[in-house]
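Next come the chains, spelled out residue by residue.
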Amino acid sequence: MYLQSMMTKILVFAIFAISLDLIWGYTGLSSLGHACFFGVAGYTTAILMNHFGATTFLQTAPWSILIATVFAAAFGAIALRVSGLYFLMVTLALGQALFSLAWEWFHLTGGAFGLTIPALNLGIPGFTCTTITLYYLVFVVFIICFLLLRLIVRSPFGHVLQGIRGNESRMRALGYNTWLYKYVAFIIAGFFAGIGGVFFIHWNMLISPYQLGMLTSTYAVLCVILGGPGTLIGPVIGAVVVIGIEYIASLYFPERWPLILGIIFVISVMFIRGGIYPRLNSLWQKLKKRYSYGNTEG
Amino acid sequence: METLRVEGLTKNFGGVTALNNVSFTVETGERLAIIGPNGAGKTTLFNLLNGQEIPTSGRIYFFGQDITTVPTYSRAHLGQGRSFQLTTLFLKLTVLHNILLAIQGTGAPRYQLLRPISAYKHLYNKAQELLESVALWEKREELVQSLSYGEQRRLEISLSIASEPKLLLLDEPSSGLTAAESADIVTMIANLGSDITVALVAHDMDLVFGMAKRIMVFHYGEIIADGTPEEIQANARVKEIYMGTEEEA
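In the order they appear, the protein sequences are chains D and U. For what it's worth, this note's numbering labels the leading residue of the first sequence as 1, then goes sequentially. For what it's worth, this note's numbering labels the leading residue of the second sequence as 1, then goes sequentially.
Worth double-checking, as some hints may not be accurate.
Unchecked claim - Some chain D residues judged to face chain U by a derived CB distance under 7 Å, without partners named:
1. I152
2. F157
3. H159
4. N167
5. R170
6. Y176
7. N177
Hints listed in this document are in silico derivations from the structure and should not be mistaken for laboratory results. Bear in mind that the values here come from a model prediction, so they are computed numbers and not experimental data. Every residue gets a Cβ at the ideal spot worked out from N, C-alpha and C, and that includes glycine.
With the sequences and hints as input, model every part of the structure.
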């Protein structure tokens, strides 16, 4: 039962992490405010259920993802006026501004207490949802998101994003309106983060300002950096490792979790640069070479 | 036909005047070399022509259209191609990926989101043609950072001609190359069609006299001589301030 719940959480954060990777890993945009869109989607579901009488998944999920995407379009228009370190600072500031807003606007958001929602209801008569239903639903959605993003990064559009990461001014000289590409990528990333946020609230049944702020953004960043930015499998591995360690830590020393998170961060930056997946991949290539050429090398 | 017309172009950086009231025209098909000592304003001129910078005053016309403030990417669509002095390739991408980006920059599928790039066969055919012409097709799957410097320079130039530009701006195409590699560049330029206008900035005199039919000499942001290679070689002022200093050095 607990394992099922943990698997659901891993899949939710995997969706969130691969959405960040589209801009962080593929486009080279370092955002520290990606949780905005994750949290806004969760809050939209909670607000619709608490204040507007919505009861089912189908009544809330489309709106939640739409609102998250609209926020991405608005925040992207602001943050993409600058680049590099300034982009990082602006996204961080926007995230913290939303955090404060959710904290202060008690009437709408429940302030620091957040908002709770009842267990998942798909709105299909005679069908009761359990945590297992949620798990399978998230699993299917994760697969769809993963395949869609894979299609995007392999498309001409996705190739352009990687070119922008490499050398933006050269891309402009080659005829690309690079601003537009970054903006569209930012919105797509917000859309997928919104999908993650929708399933987060159905898994957690509670949303609080922390889901909008830097702490949650950092989770996604850690999954991406640890797993391998610029690959889609990497952030998924990152989510498995981060949520897995969090699970173990919460069993034995829950109050030390932020410290452990910090240590993983330092280790991943110092010793596994490039991320776990690219490292595993190059190891695999070496092994394959050794076995296929083994007899000729003597 | 007139490809490029520049009128009273001036660029100030703070108190420094990098270009001072420069005017000239370039006819279609010309092979123009721009020379001058360091700091003469040659690269600044290229940045203004290609839109990396906007002039303080003056106007630039490209096939009669005022492009003074048009963004760089639109100039690529109008028919400008540019190579850079410092190699500006996508080092962590493969050779093939680099050339595909260059071909696609002015092509239709560049906004396509939901179809793999491998579905566009015509891009690959064009990539093969371009890479074979610079002897890099065999290395198409290698990362650009693993290529030799000479190979990177050849790829740099193929990127700027991939969009089939009408005006090619080459900034120091042969810098750091051996004499043999430099000769390859001369051949590459000679093989371009006569409808393509080529302007290049260079210090390499073998390259300049090997390809240019017209030479402009810049000094402190002004044109001090403009003429055929023979005229430039005979020009006393050029000898004094440009060739002269080089012989002393």
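Hint-by-hint comparison with the structure:
1. I152: 6 Å, holds
2. F157: Holds - the Cβ of D/F157 comes within 7 Å of chain U, reaching about 5 Å at its closest.
3. H159: Where the cut-off is 7 Å and the nearest Cβ of chain U is about 5 Å from D/H159, the hint holds.
4. N167: With Cβ-Cβ at 5 Å, under 7 Å, it holds.
5. R170: 4 Å, holds
6. Y176: Result: holds, 6 Å to nearest chain U Cβ.
7. N177: 5 Å, holds
Of the numbered hints stated above, none is contradicted by the structure.
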